[in-house]
Amino acid sequence: MSNLTHLTIAQALKSMDKGEFTATELTQAHIEAMAARRSLNAYITETPELALGQAKAADDRRRAGTAGGLEGIPLGIKDLFCTKGVLTTAASHILDGFTPQYESTVSANLLKAGAVTLGKLNLDEFAMGSSNMTSHYGAVENPWKRTSDPAARLVPGGSSGGSAAAVSARIAMGATGTDTGGSIRQPAAFCGITGIKPTYGRCSRWGIVAFASSLDQAGPMARTVEDCALMLNAMAGHDPKDSTSAPMPVPDFAKALTGDIRGLKVGIPLEYRPDGLNAEVLKVWEQGIEWLRAAGATPVEISLPHTKYALPTYYIVAPAEASSNLARYDGVRFGLRVPGTSLDDMYKKTRAAGFGKEVRRRIMIGTYVLSAGYYDAYYAKAQKVRRMIAEDFRKAFETVDVILTPTAPSAAFGMGENMDDPVTMWLNDVFTIPTSLAGLPGLSLPAGLSSDGLPLGLQLIGRPFDEETVFKVAGVMESAAQFTAAPEGI
Amino acid sequence: MAYLIQGETGDWEIVIGLEVHAQVISNAKLFSGAATTFGAEPNDQVSFVDAGFPGMLPVINETCVEQAVRTGLGLKAAINLKSVFARKNYFYADLPQGYQISQYELPVVGEGELLIDLADGSSRAIGIERLHLEQDAGKSIHDMHATKSFIDLNRSGVALMEIVSKPDMRSPEEAGAYLTKLRSILRYLGTCDGNMQEGSMRCDANVSVRPKGSTELRTRCEIKNVNSIRFVQQAIEYEARRHIEVYESGGTINQETRLFDSGRGETRSMRSKEHAHDYRYFPDPDLLPLVVSQDFVDAIKATLPELPDDKKARFMAEYGLNAYDAGVMVAERASADFFEAVAKGRDAKKAANWVMGDFFAAMNSGDYSWEKPPVSAANLGRMIDLIEDGTLSGRLAKDVFQFMVAEGKDPAVIVAEKGLKQVTDTGAIEKAIDEVIAANPDKVAEVQAGKDKLIGWFVGQVMKSTQGKANPGMLNELIVKKLKG
Amino acid sequence: MSLDKAAVRAIAELARIEVADDELDHLAGELTGILTFVEQLAEVDTNGVEPMSSVAAMTLPMRKDAVTDGGYAAAVLANAPDAKEGFFTVPKVVE
Ligand SMILES: [Mg+2]
Ligand SMILES: [Zn+2]
Numbered sequence: 289m290s291n292l293t294h295l296t297i298a299q300a301l302k303s304m305d306k307g308e309f310t311a312t313e314l315t316q317a318h319i320e321a322m323a324a325r326r327s328l329n330a331y332i333t334e335t336p337e338l339a340l341g342q343a344k345a346a347d348d349r350r351r352a353g354t355a356g357g358l359e360g361i362p363l364g365i366k367d368l369f370c371t372k373g374v375l376t377t378a379a380s381h382i383l384d385g386f387t388p389q390y391e392s393t394v395s396a397n398l399l400k401a402g403a404v405t406l407g408k409l410n411l412d413e414f415a416m417g418s419s420n421m422t423s424h425y426g427a428v429e430n431p432w433k434r435t436s437d438p439a440a441r442l443v444p445g446g447s448s449g450g451s452a453a454a455v456s457a458r459i460a461m462g463a464t465g466t467d468t469g470g471s472i473r474q475p476a477a478f479c480g481i482t483g484i485k486p487t488y489g490r491c492s493r494w495g496i497v498a499f500a501s502s503l504d505q506a507g508p509m510a511r512t513v514e515d516c517a518l519m520l521n522a523m524a525g526h527d528p529k530d531s532t533s534a535p536m537p538v539p540d541f542a543k544a545l546t547g548d549i550r551g552l553k554v555g556i557p558l559e560y561r562p563d564g565l566n567a568e569v570l571k572v573w574e575q576g577i578e579w580l581r582a583a584g585a586t587p588v589e590i591s592l593p594h595t596k597y598a599l600p601t602y603y604i605v606a607p608a609e610a611s612s613n614l615a616r617y618d619g620v621r622f623g624l625r626v627p628g629t630s631l632d633d634m635y636k637k638t639r640a641a642g643f644g645k646e647v648r649r650r651i652m653i654g655t656y657v658l659s660a661g662y663y664d665a666y667y668a669k670a671q672k673v674r675r676m677i678a679e680d681f682r683k684a685f686e687t688v689d690v691i692l693t694p695t696a697p698s699a700a701f702g703m704g705e706n707m708d709d710p711v712t713m714w715l716n717d718v719f720t721i722p723t724s725l726a727g728l729p730g731l732s733l734p735a736g737l738s739s740d741g742l743p744l745g746l747q748l749i750g751r752p753f754d755e756e757t758v759f760k761v762a763g764v765m766e767s768a769a770q771f772t773a774a775p776e777g778i
Numbered sequence: 125m126a127y128l129i130q131g132e133t134g135d136w137e138i139v140i141g142l143e144v145h146a147q148v149i150s151n152a153k154l155f156s157g158a159a160t161t162f163g164a165e166p167n168d169q170v171s172f173v174d175a176g177f178p179g180m181l182p183v184i185n186e187t188c189v190e191q192a193v194r195t196g197l198g199l200k201a202a203i204n205l206k207s208v209f210a211r212k213n214y215f216y217a218d219l220p221q222g223y224q225i226s227q228y229e230l231p232v233v234g235e236g237e238l239l240i241d242l243a244d245g246s247s248r249a250i251g252i253e254r255l256h257l258e259q260d261a262g263k264s265i266h267d268m269h270a271t272k273s274f275i276d277l278n279r280s281g282v283a284l285m286e287i288v289s290k291p292d293m294r295s296p297e298e299a300g301a302y303l304t305k306l307r308s309i310l311r312y313l314g315t316c317d318g319n320m321q322e323g324s325m326r327c328d329a330n331v332s333v334r335p336k337g338s339t340e341l342r343t344r345c346e347i348k349n350v351n352s353i354r355f356v357q358q359a360i361e362y363e364a365r366r367h368i369e370v371y372e373s374g375g376t377i378n379q380e381t382r383l384f385d386s387g388r389g390e391t392r393s394m395r396s397k398e399h400a401h402d403y404r405y406f407p408d409p410d411l412l413p414l415v416v417s418q419d420f421v422d423a424i425k426a427t428l429p430e431l432p433d434d435k436k437a438r439f440m441a442e443y444g445l446n447a448y449d450a451g452v453m454v455a456e457r458a459s460a461d462f463f464e465a466v467a468k469g470r471d472a473k474k475a476a477n478w479v480m481g482d483f484f485a486a487m488n489s490g491d492y493s494w495e496k497p498p499v500s501a502a503n504l505g506r507m508i509d510l511i512e513d514g515t516l517s518g519r520l521a522k523d524v525f526q527f528m529v530a531e532g533k534d535p536a537v538i539v540a541e542k543g544l545k546q547v548t549d550t551g552a553i554e555k556a557i558d559e560v561i562a563a564n565p566d567k568v569a570e571v572q573a574g575k576d577k578l579i580g581w582f583v584g585q586v587m588k589s590t591q592g593k594a595n596p597g598m599l600n601e602l603i604v605k606k607l608k609g
Numbered sequence: 203m204s205l206d207k208a209a210v211r212a213i214a215e216l217a218r219i220e221v222a223d224d225e226l227d228h229l230a231g232e233l234t235g236i237l238t239f240v241e242q243l244a245e246v247d248t249n250g251v252e253p254m255s256s257v258a259a260m261t262l263p264m265r266k267d268a269v270t271d272g273g274y275a276a277a278v279l280a281n282a283p284d285a286k287e288g289f290f291t292v293p294k295v296v297e
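Residue numbers (my numbering), protein chains in the order written: chain A, 289 to 778; chain B, 125 to 609; chain C, 203 to 297.
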């Protein structure tokens, strides 16, 4: 039955509807695969029994004719989503033993659609990272290998590294991710899968451990565009418990995959082609432009003049919000407590021991840029530049329907690389961060392999709440790319 | 007349600004659906939002916004149609999120004004700087364990209005009058119950002093969380004298937060607030700008009750009350309503005397409230009618009133049951007089010899024999006629 | 902006994160590097630009004033590292 794990979500749904196998069998196959590939360290917590119980219930509902949109599909949940009765860590020591008494809206929506949850997926601590190297529960390994150096262990990207690795290694049919500056799209690109960060406000943030509230957005990661559309259908929707959740109807995203993009204008931003851009990345991008042209769309050169300021803007805004969002981890109501001689001593010891290096660094930068005397020069300034970046996109979308860029400046790198200097690591998100700052939907799909046999991704960016166009164009590119490669041995 | 403190170097003036935290009357909290009632079991009225759990998000309560706008209108203040919630970041044991959601640069209510009434009958306007909405913190309890403080989050997230005055007050009396009037307005509006003991109204006082005639603003100290009007006045007085002493001995005042020790009647520095605060305010990214429409504001305006200042003016004009009586009657909406129900269509001065006299005395003598008064306004009114139509004398009315308090009955019923109707039958009164005269020939002789003082004694005797029911006017007239006639 | 050890100590204090003295130099260097990187924003002319604190093109939604939550003290306390008698506890605070 092990080939069951190679099916797409859409295929598995059809087969189960036809009675070719049950959700229980599908889930069992994934549980076995999950156990076999434990060395990837993709899961922090496996919940096989919970999954089998859910699968049995899914089989019952399917028999009863009340199957939901994802009935019986085994998924992994990024361990940033609070799950009722299941350990939730944010990959941080500070949430030691934290078992929420509530279920995040997005994971609850998936359960309502009949999904089966295999466990909680590894990530960068508090979703802060681009390599999954900052997890308290250890690094996640990318299942892909360099053809030139198969022994080298590569990062899956981050922060949704566990999600990307699991979907790529066929130990989840799909997974939830969250994206604050590229945390769905960059790992999707590194692991050769598809992922979409929807428009800010499309998915509820309620019950997701917050990193940077004005940027955080949940989204699906899966092996095909259609699978992402099916998952997003279930995940999205207005939630009155999140004041920033958009009161908008959710269209059927899968229906947008018509294959017809004739007449669409595709923006190709000048500023995403800096001197020294990786030649292979550039080649894949140009290939992508050709596919779209061949399908009847028109590539249009556009300018997003403030692109170079996106990264510094983000590294003021996100740490500032994080410094405040992470103040609640104080050893009083949940998680780790390190005893201290006074209240302040307890706080300081708990937070020093509970937060890893990258998290401490960002909290401190965020604290500084908000502090008296520096607020205007840093935080207020960044908020202004943020508006200019969003304006760039708004203007561009007056003439184009969608924008095509590379997802990341390189293919997956090795564990331990890019670690000397935080800013070098942050450059990984240079193509994804502007979209996050503007709150726009961005999808990454695998478009080819590097000469070293590693997947390279392309990013499609859409207008606010126009995920449909993004999906439609992505579907056409997916057909053109015929990306059928899989990690060795999977 | 200006209130000045005499120092060794001359006269000093006090400059006072007050920040009042008023708990909004609402069923649920400002940003969560947990209840707000007082006195629940620890941590019972707490949602995961109030306890700052991971992934929890705030959603604002419409009624709290309405209440803030209503209060702003009651303070004749500008309403900001757009306002912004900001996070005030600091660590404290009873602040679960590590920040308080408050308003900083753009509060929901801007500048306004409040009229204070002083003992000498004068009034003075005190500026309101702003009113903003914010959430309350939880409660730390320090005396339940030898080495630990206990934390109860029931209050965490309860909506507060922080009402900030301009530094316009110049004496403890003015500060007291400000709090009294503010409390009265809040209660009229139904936006805060004003209960300082339960902490639903708390006051921080900013105090500085300056030499008489100076216009400078010297360093102020903030006295935190004083929980009665009397204590606020004591704290201000103490703090002002402390400043003067320091200045006069060549010292300087450091801006700091102080605590009022009501047992010792003094203020002292708060050590826990010692290290410099840097609240790192920034707009809360979980909340969008709060925008209310002019229609929303106008609809609230249309439902505003008549407020104490207007009511007082009307009571003076309409019922001819003096400023003092009117002020007493309007202090509470319920007392004003009660008075009006009694006074309507009757002699207002008489109504005021009865309400402020026997009625208030009865109110204070037992377990009564405006919801459960000792005598209903309708019954009190009917009793006054019985005086007017001659059924009762003033003296009899006092007895009837006591029966009304004890039995809760209609005064007419009491009069009938107890036979307390005033005797106005000349024959009956004459008969009673004749009996007393017949029994006291020696005293009659004394009166006739010119000892007029004894007439009162005869009146008393006749009243006694008629059980107080004789009409006093008629009785007087008849006695004089019979004795001296 | 170049941060010195004292500045780093002050930030760590505000953030309530204990930092050992021998880490201060290294941290000061790292944070200075980051600040130098983000300071390139200074070259952007932002005159007349309104700061953007949210991308959501909406205003604040409001909920009705109804009691819909709370009343589950046990669940609120379930994860507490040291709950006693229905309360959370912290090292004693002296005021
Ligand atoms: Mg204040
Ligand atoms: Zn306040």
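Any given hint could be a false lead.
As the list claims (entries may be wrong) - Here are the computed lysine-lysine pairs in the DSBU-like style, where the Cα-Cα straight-line distance is at most 35 Å:
no., chain 1, residue 1, chain 2, residue 2
1, B, Lys522, B, Lys542
2, C, Lys286, B, Lys272
3, B, Lys567, B, Lys577
4, A, Lys645, C, Lys266
5, A, Lys645, B, Lys272
6, B, Lys348, A, Lys645
7, B, Lys425, C, Lys286
8, B, Lys575, B, Lys533
9, B, Lys305, B, Lys348
10, A, Lys596, A, Lys637
11, A, Lys683, B, Lys348
12, B, Lys555, B, Lys496
13, C, Lys207, B, Lys212
No wet-lab data here; the hints were simulated from the structure. Predicted model, so just to flag it, every value in this text is computed and none were measured.
Cross-check of the supplied hints:
| no. | hint | in the structure |
| --- | --- | --- |
| 1 | B:Lys522 with B:Lys542 | 14 Å, holds |
| 2 | C:Lys286 with B:Lys272 | 10 Å, holds |
| 3 | B:Lys567 with B:Lys577 | 11 Å, holds |
| 4 | A:Lys645 with C:Lys266 | 43 Å, violated |
| 5 | A:Lys645 with B:Lys272 | 30 Å, holds |
| 6 | B:Lys348 with A:Lys645 | 38 Å, violated |
| 7 | B:Lys425 with C:Lys286 | 48 Å, violated |
| 8 | B:Lys575 with B:Lys533 | 45 Å, violated |
| 9 | B:Lys305 with B:Lys348 | 20 Å, holds |
| 10 | A:Lys596 with A:Lys637 | 38 Å, violated |
| 11 | A:Lys683 with B:Lys348 | 52 Å, violated |
| 12 | B:Lys555 with B:Lys496 | 45 Å, violated |
| 13 | C:Lys207 with B:Lys212 | 26 Å, holds |
The structure does not agree with the numbered hints 4, 6, 7, 8, 10, 11 and 12 stated previously, though it agrees with the rest.
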